[in-house]
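Given the coordinates of chain A, assemble chains B, C and D onto it according to the supplied hints.
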Amino acid sequence: MLAEVLLLARKDLRIERRAKVALGQVAPLTLLIVVVFAFALDANAPLLEIGAGGLYWVAVLYGGTLLTQRAFELETEGGNFDDFRMSPIKVHSLFLGKSLSLFIQICALELVLTPAVLLLYDVQVTDWLLLIAAGVAGAVAFSVCGVLWGVMAAGLRVRSTLLPLLLIPVLAPVLLAGSRAFETALGIRADAGWSWTSLMFVIAAVHTVVGLAAFGFLLEEN
Amino acid sequence: MDDSKMTATPLTRVLGILGIVAGVLMAVLGLFVSPPDVVQGEAVRMLYLHVPSIWIAYGSFVLTSVSSLLFLVRSRRREDGGRHYDRMAGSAAEVGVVFTGLTLITGMLWGKVTWGTYWQWDARLTTTVLLFVTYLGYLALRRLPADPIVRGRRAAVMALISFINVPIVHYSVDWWRTLHQKASLSVGRRPEITGEMYWTLLYSALTVTIVGAWLIVHRYRVIRLEEIRDEENLKMLISSRRHERPTGSAADGEVS
Amino acid sequence: MSAVVKFENVVAVAGSFPVLTGVDITVQEGEIVLLQGKNGAGKTSLLRACAGLIRINDGSAQVFGFDMRINRQAPRRYIGLLGHENNLYRDLWAIEHVEFRAVAGGGQRGDAAEALARVGLASRLWSVPISALSAGQRRKVAIASLIVNRPRLWLLDEPHSALDAVSRADLNAILKDAADSGATVIFASHEGVLSEELSSRVVTLRGGQVVEDSSAR
Amino acid sequence: MSEVATVAIGWGLTFVVIATYSFWVVSRGRTIGRELGIGEVQQSGQEQESDLSTDN
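Chains as they are written, first to last, in the numbering used here: chain A, 743 to 964; chain B, 9 to 264; chain C, 886 to 1102; chain D, 3 to 58.
If you're looking for bench data, these hints aren't it; they were derived computationally from the structure.
Take the hints with a grain of salt, since some may be wrong.
To be verified - Computed list of lysine-lysine pairs in DSSO-like fashion (alpha-carbon distance at most 30 Å, straight line):
#1 Lys1061(C) - Lys243(B)
#2 Lys1061(C) - Lys923(C)
#3 Lys923(C) - Lys891(C)
#4 Lys762(A) - Lys832(A)
#5 Lys832(A) - Lys923(C)
#6 Lys1061(C) - Lys891(C)
#7 Lys243(B) - Lys891(C)
As the list claims (entries may be wrong) - To give an idea of the chain B side of the interface with chain D (calculated C-beta under 7 Å), a few residues:
#8 Val106
#9 Val225
#10 His226
#11 Leu233
Stated by the list, open to error - Quick list of simulated restraints, FRET-style, between CB atoms:
#12 Thr202(B) - Val19(D): 25 to 35 Å
#13 Thr125(B) - Gln866(A): 57 to 67 Å
#14 Gln866(A) - Pro1014(C): 36 to 46 Å
#15 Phe781(A) - Ala21(D): 40 to 50 Å
#16 Val900(A) - Gly124(B): 34 to 44 Å
#17 Asp182(B) - Ala787(A): 31 to 41 Å
#18 Thr868(A) - Ala1020(C): 38 to 48 Å
#19 Ala10(D) - Asp182(B): 47 to 57 Å
#20 Ala785(A) - Asp182(B): 28 to 38 Å
#21 Leu214(B) - Leu871(A): 48 to 58 Å
#22 Glu914(C) - Lys832(A): 19 to 29 Å
#23 Leu214(B) - Thr868(A): 49 to 59 Å
Every residue gets a Cβ at the ideal spot worked out from N, C-alpha and C, and that includes glycine.
Chain A extracted, bound-state conformation (with noise of 0.2 Å):
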């Protein structure tokens, strides 16, 4: 099981090196978004200081979105999914090993997003470990649900506007609760930080027991 998991997530990690689309092509965009922000709030510098940490959240929410299309787009070369449905890795790792790769590739956009947003915005951290704990836990919030989302409509036709109207509705908590942990780790305000990054584990926890699932099922389905 072990095995299959990081065979298929190695795969998709060194399509990934090849291709350069996360790295090359999301991070950047993602960094524009933050950039763009400023734009949008006037480089108002009180304004972009409290707003950090959600905006911040807004951008990864953007990059996470479009991972997960591309991590189904190079499974349906042909334009359908018969090699990834005739594979014969047990489903459980199909999905677990989507899932990690896509968290390593979340993780990375993160380490480039951080400090493009404490140096544009200007912020400090002083809570260190609780920021690292958040990015990271907000990253398997992302990668599970947009697995288990990106599989539901990445068969269909209209799968590139279907996929964030299912996703993002679902991924609204994890950013409410990234933002504020963020906040408290920025030191912008005295809040629970830790519960917050808390409720991520346990919404990233709730999916991935759905996906493990329903992953199987709805792979058939479409």
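Below, chains B, C and D alone, put in the same frame as chain A:
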């Protein structure tokens, strides 16, 4: 299930008339008979719309989730492959979305009068708007043309996952807002509902339930008619394909 | 010898279009069956139905004895499917792609080199991204990905497309070897002449149905 | 906007929304019903084809 070509039958006619009469009575009761609130004055009359709509919206989504579960569990045993449950889930969801929309409209109007702003990020309304978008996604998923069973299964799984999500959304939004409200003075406490107001509210809830039920039954039948039409088109397509002539065939060039 | 594929009056719908409108076909082990028919006659859909990739709406369908209306995923581990388009990971090298398929199917990484050699892909092309290969070379990589798992039922959709004469002969030899060693091969093809001398049996499809079945034997 | 006006708008809007939705559901049921009930007899295959595409 009767195969009535129209969606009206004796049952729905009775239900429909009842709904209209009850509706008129509700308007009279809610707008004129029941007293204004000591604090909110006339604005409290929004209560008789807002609370029942939330009630029916959540009720419809519960019905959708229960039907979806039954569809997934029972589809093998029923001779119609559980499609009855799938249709129920679809019709309840759509009616639920309509009432969630009404909840938002009445909620915002009421908020404007009592709190002075249309949108005050109050926990309940924020959760409702997320629910609204979630089930709009569900309806979008149902609209994609596919084999009824395949579409049904896909929609059923989404309904169940979305239902599991409701408490998560509810909890996180509640927690977020209570933190916030503790900081600022909490305004707009619940008006005490006693006496005439209480009965009016109860009556309104009953009326809206009748209207909701009437809508779900009709919407269910529309889905059933759509399925009959699709099946007949399918039979027509199958027979036309079987009679394809060897040379230039009538149905040429479609996807193999 | 039990029948590998046994379809009776099978009807299947993709989206809202009836791709199979009542198919009757039985294939025994070791047979090589050619599916003929115009574009849109249902060849691809029949192959995908055998692989359990589409829902059977009506009729009875069995592959390796599994009832395809109850659990259509069951026989997949014995089946190799070569789709109309090569479902290849274009960013991987040829060898990496086939190695992934080999290990995923429970085989060894080494099997990949052997499979690529058998399909006649020049070894200097093995460590080249698939996106840089020609259509014929990509077809060989796809065929190698199928061979490497040594399936018992081969389902091939236009396998000879984009292959030159030499490669076609190689492919025919591979298919013959597979059939001789007990595998069953069903392939769809346009080029009637070339494929007929290879297959033991020709089945013609039209309008989603089998209209001719020349059990040559 | 005075309280009475708000209440009037609230109730008005609610009844309008419910009425239009009910009308839409019933009329959609009637059109498809008529199409199925009478549709097959006179309409040629082609016309029914066009109905199909406009509907879903």
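Status of each hint after checking the structure:
no., hint, in the structure
1, Lys1061(C) - Lys243(B), "violated, 41 Å"
2, Lys1061(C) - Lys923(C), "holds, 25 Å"
3, Lys923(C) - Lys891(C), "holds, 23 Å"
4, Lys762(A) - Lys832(A), "holds, 28 Å"
5, Lys832(A) - Lys923(C), "violated, 36 Å"
6, Lys1061(C) - Lys891(C), "holds, 22 Å"
7, Lys243(B) - Lys891(C), "holds, 24 Å"
8, Val106, "holds, 5 Å"
9, Val225, "violated, 10 Å"
10, His226, "holds, 5 Å"
11, Leu233, "holds, 4 Å"
12, Thr202(B) - Val19(D): 25 to 35 Å, "holds, 30 Å"
13, Thr125(B) - Gln866(A): 57 to 67 Å, "violated, 34 Å"
14, Gln866(A) - Pro1014(C): 36 to 46 Å, "holds, 44 Å"
15, Phe781(A) - Ala21(D): 40 to 50 Å, "holds, 45 Å"
16, Val900(A) - Gly124(B): 34 to 44 Å, "holds, 41 Å"
17, Asp182(B) - Ala787(A): 31 to 41 Å, "holds, 32 Å"
18, Thr868(A) - Ala1020(C): 38 to 48 Å, "violated, 58 Å"
19, Ala10(D) - Asp182(B): 47 to 57 Å, "violated, 32 Å"
20, Ala785(A) - Asp182(B): 28 to 38 Å, "holds, 34 Å"
21, Leu214(B) - Leu871(A): 48 to 58 Å, "holds, 55 Å"
22, Glu914(C) - Lys832(A): 19 to 29 Å, "holds, 27 Å"
23, Leu214(B) - Thr868(A): 49 to 59 Å, "holds, 55 Å"
Violated hints for the displayed structure, listed by number in ascending order: 1, 5, 9, 13, 18, 19.
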